Structures are given as structure tokens and as C-alpha cells.
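Protein chains: 2
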Amino acid sequence: MKNTINIAVIGLGNIGSYFCREITKKKKDIYFKTGKKIKLLFVSARNKNKKRSFKFSKKQWLSNPIDITKNPSIDILVELVGGSDGIAKKIVTSALKNKKHVITANKALIAKHGNFLAQLAEKNKVNLEYEASVAAGIPIIRNIKEGLISNKIFKLVGILNGTSNYILSRMETTGKNLNEILSEAKTHGYAESNAKSDLDGTDVASKIKILSSLCFKTLISENNILVNGIENIETKDIINAKKLGYRIKLLGITEIKKKSIFERVHPTLVDANSYIGNINGVFNAAIINSNPVGQSIMQGEGAGPGPTSSGLMSDLYSILRGNIKYPFITAHKMRKKIKIFNHLNYAFSCYLRFEVLDKPGVLSSITRQLAENKISIKRLLQIPDKKKKIASIIIITHNTLEKRIIKCLDKLRKNDSLIKSPTFIRVGDNNDN
Amino acid sequence: MKNTINIAVIGLGNIGSYFCREITKKKKDIYFKTGKKIKLLFVSARNKNKKRSFKFSKKQWLSNPIDITKNPSIDILVELVGGSDGIAKKIVTSALKNKKHVITANKALIAKHGNFLAQLAEKNKVNLEYEASVAAGIPIIRNIKEGLISNKIFKLVGILNGTSNYILSRMETTGKNLNEILSEAKTHGYAESNAKSDLDGTDVASKIKILSSLCFKTLISENNILVNGIENIETKDIINAKKLGYRIKLLGITEIKKKSIFERVHPTLVDANSYIGNINGVFNAAIINSNPVGQSIMQGEGAGPGPTSSGLMSDLYSILRGNIKYPFITAHKMRKKIKIFNHLNYAFSCYLRFEVLDKPGVLSSITRQLAENKISIKRLLQIPDKKKKIASIIIITHNTLEKRIIKCLDKLRKNDSLIKSPTFIRVGDNNDN
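Going down the list, the protein sequences come from chains A and B.
Our numbering puts the first sequence at residues 1 to 433.
Our numbering puts the second sequence at residues 1 to 433.
There could be a bad hint or two in this list.
[Claimed, not checked] Pair by pair, the computed Cβ-Cβ distance ranges are:
| id | chain 1 | residue 1 | chain 2 | residue 2 | range |
| --- | --- | --- | --- | --- | --- |
| 1 | A | Lys70 | B | Lys152 | 33 to 41 Å |
| 2 | B | Thr174 | A | Ile383 | 38 to 46 Å |
| 3 | B | Ser349 | A | Lys403 | 32 to 40 Å |
| 4 | A | Ile383 | B | Lys25 | 35 to 43 Å |
| 5 | A | Gly86 | B | Lys99 | 43 to 51 Å |
| 6 | B | Ser349 | A | Thr4 | 50 to 58 Å |
| 7 | B | Lys186 | A | Ile406 | 50 to 58 Å |
| 8 | A | Lys339 | B | Lys25 | 56 to 64 Å |
| 9 | B | Lys25 | A | Gly13 | 43 to 51 Å |
| 10 | B | Ser73 | A | Arg46 | 30 to 38 Å |
| 11 | B | Phe116 | A | Asn194 | 35 to 43 Å |
If you're looking for bench data, these hints aren't it; they were derived computationally from the structure.
Please read all numbers here as calculations on a predicted model, not as lab measurements.
C-beta atoms are modelled at their ideal positions from N, C-alpha and C, and glycine is treated no differently.
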């Protein structure tokens, strides 16, 4: 490797600008740690004249990012445009083909095209680094790829979206509803103006797909996985959960079950005293179970320019150290497809909330329906609202196959005494805590 | 780097045997991840004929470990003998001089001779890897050196000794005293037959010295640091702490205070609801505060052949990937000495327990002495034992300079009403949780 390494950064939003400032400021430090001089040769973004915290010179600006990926002087290309397709994909593909190392924070891109891009990086003998794509400031990808590399991982459970975790935490502490907290979060910069993917679970799903393929050395799954978001969580569910000793968290889980892979994202009732039940606010966390190391935990800030830049910098150092390796631990051709576990066959305890008319026979019609579907009840709470002549019935079931729950709820939706569709949230097992 | 890498392992205790089994078993896996074939060429230990879980062939055994370090076929030497000096130091020194990469789990060696050995490794352009020397299964060294490499670290707080943490946890749950739990721990394999360095804090002190120098890019300090162990913790202190909302943990702490380094190991009263207050049993954990990443946490099993071997394997992979780097992040000549913070000038809250004769005027003589030393009281508990006509007086002070506490306790030791020397345990501040 040459002694001076030329870098191009494409995408100069909050994160891009922060990262450019960091590498400019920390040039000397990088030299002392790696013996390499770095130079930010080119930058590019959609809009040249936008106000930014990073000032570039005229010479540094190139308007066509594809030209940059072909420029013979460039050694490392940093893609911070975002989006699974479009320009981001074009830039990264072209850079790898032109034998440039690539650093990206783009989880959507890696989750969708990671298999193809990894193959391209391997073929061209360059690094494809994406530490900042999952849990920003927690070096979880590096940890799985390097620190825990010799371990056989069975399961990973994570809180991988700071925005949704902040919202759930604030709903509990303030008693306000989701929309109120969401606008509060936007004001404080804890949620982006378009928080759809944070709320509906798709952001976590991308991260889980990436982490799965690292944990189990498999190809990134192209299948649809079980994804439920937090959009329908009501403050009363959070309060009920608390009464029963639980807290509601949006978990991303991937595990090996009966030699199949079971990836899922859903709100989960977790023990309020458990470790994962106490990751509040904008923090991210992951619990990994593996052999021989046992349980390991990582926790840190999962978003924001600072933490994201920390992840990008660790990728840069990795490249500068000559730490060439397969993007997904093993060579592309050794990564296997693995059967998908059918979530309908998963047995778990669940939380059900029925809003009903407060009249005789309603409870019995619900419990009869549960019994007919072989769903047994662990705990039951009835909270009447005498004025309105309605009641909430909250049930925690014993472990039950998901398909039974679905069948049962389909039947119950037709029950005239229900004044709205039942709420159903999965309860985590001990391994999820 | 050649395609077949020859390894020698010296020291075949529980950990050495486990590691040899792992690399033999995982040869294929290593090849798939790195493209390198490994061969366990030689092993050596004090006693050839001891019963071991790993079976070596006649050809693999060499009785003189120094010969192995000079053998031109060997690429990587793994030192698992232990001890800061003697044969371990000789082997590692000779191996580095002969341009062999070295992997060691020997914290005492690194804490004492790490500066010298790092210089030697750099000079000979080989790796000196020691992930397993601190917190075994938690890849904390790799995390600081690689994952968090661009961050400015201010403070690290850790539970870094599984044996002492197990003992303190069991004392709380069983109410038994330290010696009873210690022998129980030995029976269950959670404590070695000689647990002195686990109990007196010196094991944690070695780890803190290593971590400090990584966190702050300084030379490993050769000074004596503040080290108190758990030998004198009584079950009644644990019970009192619980009454007051605390739990007692043996913490290793290193931080930058007034541009000086403040390294210390001591039992600490931490908030029972805090994260660190809930690391129980044989787990290790570390909280790192840095910029820009903020707070990051790692947790995992801190001892045993499996977790230790996981650390050793991550070192092996690092070498096989050609991840050559400075052993302490920056080049030896860039690592600076840093001033030592005088712990006598540290202000903290503290827990004091006085065992006194239950007669008039005793409490007032104690509180007067505290007042004279400008130590103010935050909480006070008096627990009389009417039968014996004695009492325990427990005091939590406001923040107080350590030198005042020492002076005050010196005076109080002369108080005739005290039936034994006072107990004094530091209380952690919010940043320690």
C-alpha cells in the first residue's frame, strides 16, 4: 500500500460533513497510528452550495460522483448518500469495479445488495466496510467479524433503532401517546422528519438481515421476514405491561431454530428488570449468545453524526492497517443459503388486549374462543370503564403457536362485543432478555 | 505472508489444552475465513506426561521452549505459561527478537513489561497480541484498538475480575461470609486454589494498567496505583449497603483528571439500580466514556478456558489477516508518560462503619471528629445490638477529600469506644455507574 492514501466522500449531509471534518482534523493522529498520510481529495453531493459545517475547497469538489469512482488517484471511496438503489448503488458498484476500497453507512444498500457487492469486492481484492450501517457507535459488526470470530453464534437479540426506543421510553415516562412523542422527538432531533422506517420496523429489519448473515455466515436472506413496527402501540399497552412487570421494546431477533434461520422484528414485552428492559432512550444494545464465549453484550449510542462517524473511522483505520478480509467473514462462495423458519410454527407467550362492551357473557365468549384454539391463559386483567360501559380485557397466554393466535384473533374480530380489533404483542422468552 | 502458518503453543494447562483443541478442530474454518492453512507444529509445557484434554503427537513435543522461539519454521508463538517474569518473559522476548508473532493471555507480563515488549515487536515488525489478558471473552482490547480507535476516551470503569464479583454476589444472596463463599467458589471452579490476586485487587490492577495505556495512548504506568481488594468486606457491609440502595462491587477505574491519569482499584458502593450494580456472578463488564461516541458498554464472561480461547483465537485471526499494527495503537515513541493524579486529592462520598460500645457520648465523639475534619454526613444508620451492648454506626459522607478521611480515621482509631478499626469503602459517583 502506498504511503499517501486518497479519499473521496460522496454525500455531505450531517454525517458526511461531520466525517470530513473528523478526517481533516485527525490526519496527524491517523498517521501516528497507521503510518499512512491521508488526503481528502474529492467531495461530491447533490447540492454544492448548501450550508454545511464542513468547508471544502474548489479543487476538492467534483459534481459527477461516477467520475470520482473511476479516478485513478482515489484509493478509498466513502458513500454517504443513502438509499438501497439509485445513485448509492451505482457509486459503490463502480468504485469496487475500479478497485477502490469502499466505506458505507448505508444499511438499506447492504441489506439489499450486500451479497452482490461483497462478491465484487472479493473479486477486485478491495475492502467493503460498513460498520456504521448498524448501531452506529457500537462496533458490533467488527465485534462479530473480529472479536468473536471463532465463536459459533446461536442467537442475537437487539434494540437497533434509537428513535423507536426513545419513543417507547418517553411514552412510558410521560404517559403521552405515540404521535405526541414523535413530534417531540422531531423537535429534539431524535427522529427524522420522515420516521416511517423507524416506526414500521423496516430499518431494524435491514440491520437484522446484515447481522444474521454475519452471525451465521449465510447469504443475506432475500425473503420477507416477520416485521411489525411500533405504530399501533398505545400508551395503555405500555401501562398494562408495566402493571404486569414488563416493558415494551422493539426487538430485532435472529436465531437458528431447527437448522433454519428465524429473523424477526416486532414489539416485545420484556421483563422490566431484565438487561434489555432497561435500555432506554436513544441507546442501542445487542445480546449475542455463542459458544464458547457464552453471552456477550454491547451497548452504546445508535445514531447521530458523532457515533456514526466513529463507525466510519474504524472502517477507515481497518483499511489503512491493510486489514483485508472478506466483507462477510467467509468467502462469498462459502456462504450458504439457509432454510427459513416459518414463524407460524413459533410458540410464544403473548399479550392480548380486547376492548369490549361491559356486559355479561363477553369474557366467557373470549375465553371460550381461546380454549377452542388450545390457547391457555397465564394471567388475566379486566379493567372496566364504568361510565362508558366498556372494559379492557388483558390476557397473557402460555406459549402458543403463532398460527393458533392468528386463527383465534380472526374469529374474535367477528365478535360483536368487541368495539375494536384486538391488540396482540409477543412476549419475549428468557433468552430474549 | 506464506500460505501455511506454523504455530507453537507453550503452556498446556486448561487454557492451553482448550486452545490447542480449538485450532486443531477449526482448521478448515480458519482456512475459509483467511485463506491460510495453520499447523500446530510444536507444543511444550513443564510436564510432558500430565493428563490433558488435548493429545499431541511425539513429533509435536519439544521440551525446550527457548529452542522453539528460535525455530525458523515457527511463525506464531502462543505463550500460556503465565507470570510476569521468569520463563514467560524469556520466551516472549526471544520469540519477538526472532521475528515471530506472539499471542499471550498473560496480563501480569503485559502490565509489567508491555512497554519493552511492544517496542521489540515494532522493531521486528511482528504482532504482539494480548486480547485474552483482559476480560477473556469480552473483546475489549480489540474494541478500544479498532472499534473505538478514533475516539478520545475520558474514563473506563470495569468489573474485571469474575472471581471477586462472584464472591460479592454470593455473599449478598446467601448471607454467608467471604471465606465460606471462597471455598464454595473453589469447589465450583470459579476460584483458583490460590485466589490471592483475585481478592487483593492486584489482578484487576494489571488489567487497569493495560487498559489505561490503550485508552489514553500512554506508556503503561510503572507507578504504584491505588489498590484495595475485597478481603476485608464483611457480609454486614453488603447488607448495610443494600439497605441504603447500594451494592458493593470491586471496580477498576482509570480516568483523566486535571490532565493527569488516575488509576485505581477498590471496592465501591454503586447504585443498586445502576447498570454496573447489576453485573452479578462471574460476568465482567466495562463502561467507556469517549467522544464522539459517548457511553459504550461491553459485557461478557471474564474467565474460563472457553472465553479465554475465544480471545486467543481473535488474536490468531488478526495475525492471519495481516492486520499488522502497533501493539498499543500508536508507535512506542509516540506514547507519552503522563502525570499521576494523587488520590489523596480525590473527593468522593464514602461509607464508614464503626463498631462501638453502646454508651452515651460515643456517637457525638465520632461526629465531632468528622466535623473537625470538615467531613459532612449525608446519611447515618445506627444499629444497636442490645444484648452485647454494642452498636454499628454506618455513615455515608458527602464528597470529601481522601486525605481528610485518612486523617480522621487515624484519629478515630484511638477512640476507646471503638471495639475495632473502622471500615471504609468508597462510594462511586454517577459516572462510575
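Query raised in the report: Is 50 to 58 Å a correct range for the gap between the Cβ atoms of Ser349 of chain B and Thr4 of chain A?
Result: holds (52 Å)
Query raised in the report: Per the hint of 56 to 64 Å, is the separation of the Cβ atoms of Lys339 of chain A and Lys25 of chain B within bounds?
Result: violated (25 Å)
**Report entry** Range hint 43 to 51 Å (beta carbons of Lys25 of chain B and Gly13 of chain A) holds or violated
**Finding:** Given range 43 to 51 Å: holds, Cβ gap about 47 Å.
**Report entry** Assessment of proposed distance window 35 to 43 Å (beta carbons of Phe116 of chain B, Asn194 of chain A)
**Finding:** The hint (35 to 43 Å, Cβ to Cβ) is violated, given that Phe116 of chain B and Asn194 of chain A are roughly 56 Å apart.
Query raised in the report: Is the hinted range of 33 to 41 Å satisfied by the C-beta distance from Lys70 of chain A to Lys152 of chain B?
Result: Since the Cβ atoms of Lys70 of chain A and Lys152 of chain B sit about 36 Å apart, the hinted range of 33 to 41 Å holds.
Query - Assessment of proposed distance window 32 to 40 Å (beta carbons of Ser349 of chain B, Lys403 of chain A) - result: violated (56 Å)
Query raised in the report: Taking the CB of Gly86 of chain A and the CB of Lys99 of chain B, does the distance hold inside 43 to 51 Å?
Result: holds (50 Å)
Query - Consistency of beta-carbon spacing, Arg46 of chain A to Ser73 of chain B, with hint 30 to 38 Å - result: Violated: the Cβ-Cβ distance is about 57 Å, outside 30 to 38 Å.
Query raised in the report: So does Ile383 of chain A sit 35 to 43 Å from Lys25 of chain B, Cβ to Cβ?
Result: violated (57 Å)
Query - Satisfaction of the hinted span 50 to 58 Å by the C-beta atoms belonging to Lys186 of chain B and Ile406 of chain A - result: holds (53 Å)
Report task. With respect to the beta-carbon atoms only, verify the hint that Thr174 of chain B and Ile383 of chain A lie 38 to 46 Å apart. Result -> Taking Cβ atoms as reference, Thr174 of chain B and Ile383 of chain A lie about 40 Å apart, which means the hint holds.
Checked against the numbered hints above, the structure violates hints 3, 4, 8, 10, 11; every other hint is satisfied.
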